[in-house]
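Fit chain B to the given chain A structure using the hints.
Residue numbers (my numbering), protein chains in the order written: chain A, 1 to 536; chain B, 537 to 873.
Straight-line distance between alpha carbons at most 30 Å, and here's what the computed DSSO-like set of lysine-lysine pairs gives:
(1) K761(B) / K16(A)
(2) K779(B) / K16(A)
(3) K16(A) / K758(B)
Note that these hints are calculated values from the structure, not bench results.
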Amino acid sequence: MHAFAALFTELDQTTKTSVKTSALAGYFRSAPEEDRLWTIALLSGRRPRRTITTTKLREWAAERAGIPLWLFEACYPVVGDLSETIALVLPEPETRIDRSLGAWIADLRALDAADEETRKAFILAAWDGLTATERLVFNKLLTGGWRMGVSQKLMTRALAQATGIDEAELTHRLMGDWSPDRTSYHALVEAPDPSADLSRPYPFCLAYQIEGAPETLGPVTDWLAERKWDGIRGQLILRGGDHFLWSRGEDLMTDRFPELAQLADFLPPGTVIDGEVLTWDRAGDRPLGFSSLQTRIGRKTVPKKLLTEAPVIVMAYDLLEWRGADIRQRPLSDRRATLAAALADLPASVPLRLSPSVVADDWAALAEARAMSRDLGAEGLMLKRLGAPYRAGRRKGDWWKWKLDPLTIDAVMIYAQAGSGRRATLYTDFTFAVRDGPSENETLVPFTKAYSGLTDAEFGQITAWVRRNTTERFGPVRAVKPELVFEIAFEGIQASPRHKSGVALRFPRMARWRRDKPVAEANTLDDLKQMLALYG
Amino acid sequence: MVLEFRDAGIYCPAADAYIDPWRPVDRALITHGHSDHARWGHARYLATEAAAPVIRHRLGDIALQTTRYGETHRIGDANISFHPAGHVPGSAQIRVEVGGEVWVASGDYKTTDDGLSEPFEPVRCDTFITESTFGLPIYTWPDEAALTAQINTWWAETRDRGQTAVLGVYALGKAQRVLRMLDPALGPILTHGAVEATNAVMRAQGIVLPDTTHVTPDLDLKPLKGAMVLAPPSALGSPWMRKFGPVSTGFASGWMRLRGVRRRRAADRGFVVSDHADWDGLNAAIAATGASRVFVTHGYTTQFAQWLGEQGYEAGIVQTEYSGESLDDPDPEEAQT
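So that you can see chain A by itself, here it is in the shape it has in the complex (with noise of 0.2 Å):
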């Protein structure tokens, strides 16, 4: 725990990309094989089960500190980071323990079995034998919240330096469902054997928004332009028989959308394909939108009323894997070409389609299609490069956004709340309001909250402000004079009966602190009210 410990304050103690993967990459090479396991199981999101709850974590915690435990839970939302509370309201250690990463899991493992009294012994006794640091990186293992500051791409580079294997192939080895309980070192980075897991993913490629004029791409006709769906991006893979999807964070999704078990039915073993889950209006021939898709995403079962309101479709992008053959290297007009004739003879009833290529002579013919989005239910389009093979994560060059500008509305500030973590500090987090009804008797609807878009600079002078503007306290949220007006920017909006307003918004952010705007200034409820007609 030492090394890692180390390891840890290494990493939290520079912003540089280059120092926290020199870092990494010297600790990959020192640590024992079962610690590096697990150190790429953690920084990859695979946690160990949690065997004791925060409930008692903070019990214990008040406990030994000698404090009541409303205190405790007073400190947790300054400091934002439960592990981390925990071990700065923890007196000084009094002993020393050293063991291996490793070990410490083994260990908590076997307090599974344990009944209360030992766990909370065993606990106690830990937290008294472990530095400041030791104590953080512990309570992050017992409460599985874990965040150092290290992308799965960065340890991947890291891991790469330190074994000399290519950081895209190891990528792909360290994707899909594997478990550090049910693996080694050994069989995940160094020997991997690619028929032990039939779900395995392949990485995604991803895009940057476009920067400047797309112009600058040269000749359209060497871009497949499709639309920008709204939905899950999702990788479907059919093999040996079985159906797997997999969303780009690596959740595993296949049994929340079992109306695609029937692609099976309809594809060669050996398919991987790259696409979007929506909801789909087959009258309308359009998505059901984001809210419909809302109802489906975290339900693992399914109720049969819920598939004929919300039935999904995948929207096929693009094909990874045709014949169990991976054909990410050929170049994407070959894969469309195979992909389309995969698909041309489904029957309309199976939910798996071509995404239409949106053809045009020019790039401005292609602007004007981009601006029928909206209408469409689509967020803009997806250029990418004809000729390029298909690339592992976020690369700039053959793949780009072109997305819609963001709708606008200018808004009036009337609570806030302070942020957590980087952010504990400061207030962040704040409820925006419409201005409604005749100016005499004028009140504000809250619709939205916002947390992002702007700088660290304007959240310190507006948290100045929000000091010396509290008008009330409700628990963490103060509400304050309604004198503040910003420009929210958001990508959709609904119709919504949960919100006072009536509506919800998709994305919603700062886009501007319009200091030149007087509340009287800000938009109205039917200003929004229209919004909803035109792109609800």
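Just chain B, lined up with the frame of chain A:
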């Protein structure tokens, strides 16, 4: 009441005087020179002898009367005296006694001895007015020796990598405290103008500080490799820093106790150095006063007052315009170079 809480500040009716007022008043009793406590525009000031040079430096030609610690002044019907608060050199708690009832307004304070400020002295009173900048149990400070070792180790490592160490510190108090922790054998110590100006004031009043070199535009930095630079936090990341070439940046503040804040500051290293009392310090200080009633000013007022209430004190919250240990708003004085 001996003291009242008014729009302009903490007011003593018996003396017709305010303690650290934030609006212009006729008579101001000033605990210390930080800009949220010592403001411009009052007709008359009273502060300690040791605090006076900095207050004069910052506020210019004001009508400032000085006092020794422990000396009693009869103002109107009140007996008023100043007692060490341990916050920065010259900082004071102000004791006010009217008709046998004693109140103490403590301004900003810390209970540990920083080797620079006159150490905090508990003053017995009926009612104590306390800050709560760090009034949560997550805030406990490392001891001075551990801090000294951390800072010097960082300096040595930075120097050995061929870089310059730049440490963000508040110009008044924190800078001089850190200065006395530094090991001059490691290399030259350079200062930003805001820090050097306060150094000069303190040296002139007899406070011994290690030698420093003021970074002026025409200073030749070549012979000063491996230096430690002390600068106000606002200078970190500013164009002013470019002249030092490759640097490692540090920030010294009680807020550095929190990982999230350390990361947001985007400094390479955070050192937990505060001139305010930590959780244990606040509780010990309050207990030592013997007060039955406590008013909580700036900081985690709600939480700290509730905690004190549960400990058997009659606890209240007072809204003031003191900012405690500010993280983002630079002290206006520090913007000068």
